[in-house]
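Visitor: Protein chains in written order, with the numbering used here: chain A, 1 to 167; chain B, 168 to 471.
In short, the hints are calculated from the structure, not lab data.
Any given hint might turn out to be false.
[Said to hold, decoys possible] Here chain B is said to cover these stretches of chain A; the calculated rule only asks that three of the stretch's residues, wherever they fall, bring their Cβ under 8 angstroms from a Cβ of chain B:
1) 93-101
2) 148-158
[Unchecked claim] Restraint ranges, calculated between C-beta atoms of paired labels, are given here:
3) A:S125 <-> B:D439: 19 to 29 angstroms
4) B:G411 <-> A:P129: 57 to 67 angstroms
5) B:S455 <-> A:G132: 26 to 36 angstroms
6) B:G350 <-> A:R112: 18 to 28 angstroms
7) B:D439 <-> A:R112: 57 to 67 angstroms
8) A:G61 <-> B:S455: 41 to 51 angstroms
9) B:D188 <-> A:G77: 36 to 46 angstroms
10) A:E30 <-> B:G411: 39 to 49 angstroms
11) A:E30 <-> B:D188: 26 to 36 angstroms
12) B:D439 <-> A:D159: 30 to 40 angstroms
Every residue, glycine too, gets a C-beta built ideally from N, C-alpha and C.
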Amino acid sequence: MIRIVVPYAGARGKTRLGDAREELSRAMLEAVLAAANEVGPTWVVSPEPVEGAAWIPDPGGGQGAAVEAALREIGPGAVLVVNSDLPSVTADDLRALEEAIPERGAAIAAARDGTTNALGFSDTSLFAPLYGPGSAERFRAHAEQAVDVVRAGLRDDVDTPADLATA
Amino acid sequence: MKVVVLSGGVGGARFVRGLVDVVEPRDVTVIGNVGDDVEVLGLHVSPDLDSILYALADLNDEERGWGRADETWRALETVRALGGEAWFQLGDLDLGLHLVRTQALRSGEPLSAITLRIAQALGIEARVLPATDDRLRTWLETPAGEFPFQEWFVARGHRDDVDAVRFEGDAEPAPGVLEAIDGADLILVAPSNPYVSIGPILAVPMIRDALQARRVPAVAISPLIGGRAVKGPADRMLQRLAGGTSPGHVASNYPGLIDALVVDEADADDLDGLEVRPIVTQTLMSDSNARRHLAEAALGAVVA
Chain A
1 MIRIVVPYAG ARGKTRLGDA REELSRAMLE AVLAAANEVG PTWVVSPEPV
51 EGAAWIPDPG GGQGAAVEAA LREIGPGAVL VVNSDLPSVT ADDLRALEEA
101 IPERGAAIAA ARDGTTNALG FSDTSLFAPL YGPGSAERFR AHAEQAVDVV
151 RAGLRDDVDT PADLATA
Chain B
168 MKVVVLSGGV GGARFVRGLV DVVEPRDVTV IGNVGDDVEV LGLHVSPDLD
218 SILYALADLN DEERGWGRAD ETWRALETVR ALGGEAWFQL GDLDLGLHLV
268 RTQALRSGEP LSAITLRIAQ ALGIEARVLP ATDDRLRTWL ETPAGEFPFQ
318 EWFVARGHRD DVDAVRFEGD AEPAPGVLEA IDGADLILVA PSNPYVSIGP
368 ILAVPMIRDA LQARRVPAVA ISPLIGGRAV KGPADRMLQR LAGGTSPGHV
418 ASNYPGLIDA LVVDEADADD LDGLEVRPIV TQTLMSDSNA RRHLAEAALG
468 AVVA
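Use the sequences and the hints to build the structure in full.
Guide: Pasting the structure below:
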C-alpha cells in the first residue's frame, strides 16, 4: 500500500476561483481523499485539520514547505504527493502513478499549463520543493529518472472558473 | 504549433486522426511510408498513404483497420472468377482512388503531387506527403527466402520470421518533406512498426539526417502494449531483431532521433534500458476520445 500525502492550503489557496471557493475547494479535496483512501494510507497537510484523512500541520511557507514537513513526518519510503484540486481523479489514476514510479526518481503528472498536479517517489528523500509555474519541467530535470504520467484525472486541475467547465 | 508526424498504416493513421483533433490540422504534416507500395492488377497501390487519407477523411473502416467503410468487393470477385490476380484485397470504393493515382503517375505526375491532390479532393486540411517520390521498396529476409513487403505481409500472412529488413532504391525526400521537418516545432513518430513502417521513411538518407540535426523535440509513440503488438508482427520482429519487446527495445530503433517515448501503462514497470524520457499513459486507441488522449499525451510532454 503506497502512502499518499495531499497538500491542502484551504480555501485561501484558491484565490483565483473567486466566490464559493471555500465550498468548491473542500469538495475537490473530498474527491481526492475518496480516491486516495482506496489506494493507501492518506495524510492531508493543511493549516487546519480536515475530515477524511490523518492531519499534518502546515508549517507555512508554501506548498513545497508543506510537503517537506509532511514527508518528514511520515518517514522514509515510497509516497505519492497529490494536489487537492483534482476533482475527477480516481483510485486507478493513483495506482497508475504508483506503477510508474522509477527506482531512483519521480513519476510526474503535469497539468496542462506545465505546473505539477501529482508526483510519485520511491523514497521521500527524492522530493524537492520545486512547485510553481513550469514546475513539471523542474521536477523532471531534478530527478535522476523521470517518468511522465498522462491521465485525464491527473491532468485536469481546477485553478480558474473556466477549468470547472472541463472538470 | 507546427507538427510533423512520421506514420505507417493502420496504427499511424489512427494516431494522425486523433492528432488533428487537438492540433490545427493545417499545422500538421504527415510523412507517410511508401516502402509497402505495390503494383496490383496494373495499379499503383500505396497502402499506408491510403490508410492515412481514409482516416483523415473519416472514410476508413474502423473495425477492419484498413480500407474504406461500407466497402464492397464485386470487382475483386470478378477478378477471382476470371483467374486474375486476387491475393490483394482491393475494394470497389478503394479501386477508384488507385485508378486516379495510377493514371496520374503514368502521365508523369509525382506521387507527392497526386497525393496532395487526392487529399484536397477529400477535404483533408492536414498535409499528407509520401516520404519520397522515388521508388523505395521494403524487402524481408526470412528463413524461407527474401520477399517484397506485400508478398510477405499479405500473401504469406507475415508468418515467416524476419532476419533482416532491406530497402531497395536510392530515394530522395519528396518535395516539402525537408521543409516541413525544418519548420516543425515538434516531430512525432506514430505508433507504427519501427522496421517496416517507420524504417523505410528513415531509410531516405536526407530525412534521417534532417531528423538527426533537429533543434526541436521528437517524441515517438510505442506501438506495443504490455510488450505485445496491438496488430501485426511488430512484437515478433522486435524480439528477433532487437532482442526484446520492452520500451528500451522500441527506442533502440530510433537512436539519436527521439527525445521521449510514449509507452503504455502496462509497460511502466519495464523501463530499464530506455535511454529517452518515458511518458506513461493509456495508448490503446479504442475510440476517438482515446485517440485524442494519446495525441495530447505526446504533445503535452513538450508543451509547458
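Visitor: Assuming the hint says 30 to 40 angstroms, is it satisfied by the Cβ distance from D439 of chain B to D159 of chain A or not?
Guide: holds, 36 angstroms
Visitor: Can you let me know if the beta-carbon spacing of D439 of chain B and R112 of chain A is within 57 to 67 angstroms?
Guide: violated, 30 angstroms
Visitor: At the C-beta level, are D188 of chain B and G77 of chain A separated by a distance inside 36 to 46 angstroms?
Guide: holds, 41 angstroms
Visitor: State, for the Cβ atoms of G61 of chain A and S455 of chain B, whether the hinted interval 41 to 51 angstroms holds or is violated.
Guide: holds, 45 angstroms
Visitor: I want to verify a distance hint. Is the separation of the beta carbons of S125 of chain A and D439 of chain B within 19 to 29 angstroms?
Guide: holds, 22 angstroms
Visitor: Is the listed coverage of the region 93-101 of chain A by chain B valid when you require three or more residues with a beta carbon under 8 angstroms from a beta carbon of that chain?
Guide: holds (count 3)
Visitor: Hint says 39 to 49 angstroms; check whether the CB-CB distance for E30 of chain A and G411 of chain B agrees.
Guide: holds, 44 angstroms
Visitor: Is 57 to 67 angstroms respected by the C-beta to C-beta distance linking G411 of chain B and P129 of chain A?
Guide: violated, 38 angstroms
Visitor: Can you take a look at whether the region 148-158 of chain A is actually covered by chain B? Rule is 3+ residues, C-beta closer than 8 angstroms.
Guide: holds (count 6)
Visitor: For the hint 18 to 28 angstroms, verify it against the beta carbon of G350 of chain B and that of R112 of chain A.
Guide: holds, 25 angstroms
Visitor: With 26 to 36 angstroms as the target window, see if E30 of chain A and D188 of chain B comply at their CB atoms.
Guide: The hint (26 to 36 angstroms, Cβ to Cβ) holds, given that E30 of chain A and D188 of chain B are roughly 33 angstroms apart.
Visitor: Would you say the C-beta atoms of S455 of chain B and G132 of chain A sit inside 26 to 36 angstroms of each other?
Guide: holds, 35 angstroms
In this structure, the earlier hints numbered 4 and 7 are contradicted, and the remaining ones agree with it.
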